[in-house]
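Q: Since chain A is already given, all that's left is putting chain B on it; use the hints.
Read top to bottom, the protein sequences are chains A and B.
Under the working numbering, the first residue of the first sequence is numbered 163, with each subsequent residue one higher.
Under the working numbering, the first residue of the second sequence is numbered 15, with each subsequent residue one higher.
Derived by calculation from the structure, the hints in this document are not laboratory data.
C-beta atoms are modelled at their ideal positions from N, C-alpha and C, and glycine is treated no differently.
Treat the hints loosely; a few may be bogus.
So the derived label-pair ranges between C-beta atoms look like this [what the hints assert, rightly or not]: (1) B:A112 with A:R569: 40 to 46 Å; (2) B:P148 with A:S212: 34 to 40 Å; (3) B:G47 with A:P416: 57 to 63 Å.
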Amino acid sequence: MTVQEKPSEAGAATAAADASGRHLSGEVRRGARAARERWEQASRSAAEKSTPWKEDFTSLSGETVSPLVTADQVKSEPLDDIGVPGEFPYTRGIRPNGYRGRLWTMRQFAGFGTAKDTNRRFRYLLDHGQTGLSVAFDLPTLYGYDCDHEMSRGEVGKCGVAVSTLADMEQLFDSIPLAKVSTSMTINSTAPILFAMYLVVAEQQGANWKTEVRGTLQNDILKEYIAQKEFIYPPRPSMRLITDQFAFAAREVPRWNTVSISGYHIREAGSTALQELAFTLRDGIEYVRCGIEAGLDVDEFAPRLSFFFNSHSDFFEEIAKFRAARRVWATVMRDTFGAKDERSWMLRFHTQTAGVSLVAQQPINNVVRTALQALAAVLGGTQSLHTNSLDETYALPTEGSARIALRTQQIIAHESGVINTLDPLGGSYYLEDLTEKMVEGCFEYFRKIDEYGGMIEAIEAGYPQREIVEAAYLAQQAVDSERRLIVGLNAFRNDEEVDIETLYISDEVAEEQLQRLEEARHQRDDGAVTRALDGLRVGAAGEANTMPLILDCVRCYCSIGEISDALRDVFGCYEESAVF
Amino acid sequence: MSNRRHRVLIAKPGLDGHDRGAKIVARSLRDAGFEVIYAGLRQTPEQIAVAAVQEDVDAVGLSILSGAHNTLLPAVARLLREQGADDILVFAGGIIPAQDIAGLKESGIDEIFLPGTTTHAIVDYLSKKLGHQPSV
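Isolated chain A, as found in the complex (with noise of 0.2 Å):
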């Protein structure tokens, strides 16, 4: 199945170059292309007296930005393409009410050392009047490896928390109530684990799945192939873990969000705004793809997929980018799969700040970058947003960093005013005019995609993975050579040292892991633990639906390194041939 942007248009690449200020009468169209030209001549002799003070005017992403887009050059309608919010395409937003009837979730990324240190993290944020929880999990939980794994020395605990069995998760929410917070967890490979240990939690907190359980699961496993790296199983057998998941949650969570498909991690690797936007959609087209070829309605499950994208540093750029990103997602969810639920048109996204962007010198101005990209997020209509803590090149953030991060958030909403009115760029001719060429941007890639046979073969290939470290190359040595300026970096330098406070995780907490995962392995019942592991061997290897195999695993504390260990006996490992 190829995705095609309008297919009764498809090809007209002539009548597209003349749509330019179609929706605009004879009349208004000519006066505008005349003061156009009145302004391209004034602007010339304005050069010509004194020359511009930069050579070339690009975007973060190294697209020539015009000077100044004028009415008759925006090809968009404002009654189909931009519209209102709330209807499709949903270019201006997906809620009728936008940030009015809700504001975005606050939802700060934590964790760290073990479950106790994390667990008080929390319940920290929430108190500050954080509204959503995040976890981050340590390298070893997300590779499924237990902490006593010679892959995990030095790792545990140190970039997220350490997760082994279930008891450690009992531990992560104590005294926090499912029933009420809602819960995104940053998981891919070993996601059906963790999912299934914090549905065994919410349960014996009395928690009910079928109606108040909420959550995100990242689980996008086509990304890790592209950028973030943390795979375990090959493509494929990775993918039907993830349709096992659909199919369970669409029955005993429906609240649950599956899968949180993620171009930020593709954004950090390097690529450029277009391509994240047009390879995280592309993988989302996968993961519909696989939903149905598993024999699912596409209205049963597409509800339940959600986003995750980066903001950078060019505030337009993004601000487009998210809104293109509405506008692709519901044409290709109608127009391609033939989805009739509204719901499953509506692309809902989460969006952390860009961590790449943060510079180690001087680095309060990091605080200034996370509040203009925060800023674009919100302008973009995000759903949920995380703002990074100025500390981030040195360690995880501290207390007090986070809290400055959390505060950036609230001045958005509480001073800035920008909350008031719905999509207010809107609109704007520079605007909607790159918001129109990031749409035409990522069907372009599509296609590109589509000849390599779909995104998992053009994975197989390595062609994003080749066109990323590409972009990745040509941004450093725009900053090498000093065409783009970065303060502190190449630019209005002090020389003075840094001096901050910085998190700092021990190694005690590898022996703290170590003695909890032999304690739970003291307590359990090890024949239940051979036969639900056995069980869920067979399971793997035939065609049951893995997630109540999995839970059967957790409930009777089976560690994650064991559990990923049966699947890795059915399934295999994954190498990749590295490109540079």
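A: Coordinates of chain B only, in the frame set by chain A:
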């Protein structure tokens, strides 16, 4: 100075998947005339040390952003010494807090590059250390 091109192994020790920096450094060194071997992701210190010796490299560059640097970086330097390969220069880059740098240097990591380092700075450093004539 020999006519042989200088060989550099770039590796990602541990479980950290952030390979943007490692790949940019690998490519910049290659463009500057070094022969670069990229070991890829999820390498144990043992695998890195064995590869460095087998490939007869002049230097090993380690990229790490996961926080496991205090465990994994000294292990690479120690394993190279144990194999009698302490003439191989070991340098590193990534998210490494200031208080850890002195200890890492003592353990045998010659230089540590932090966020904001230009590729020129790394090429210059390695050229000087290895007596390499950059090709650009």
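Q: Now tell me, hint by hint, if it's right for this structure.
A: Results for each hint:
no.: 1; hint: B:A112 with A:R569: 40 to 46 Å; result: violated (26 Å)
no.: 2; hint: B:P148 with A:S212: 34 to 40 Å; result: holds (39 Å)
no.: 3; hint: B:G47 with A:P416: 57 to 63 Å; result: holds (59 Å)
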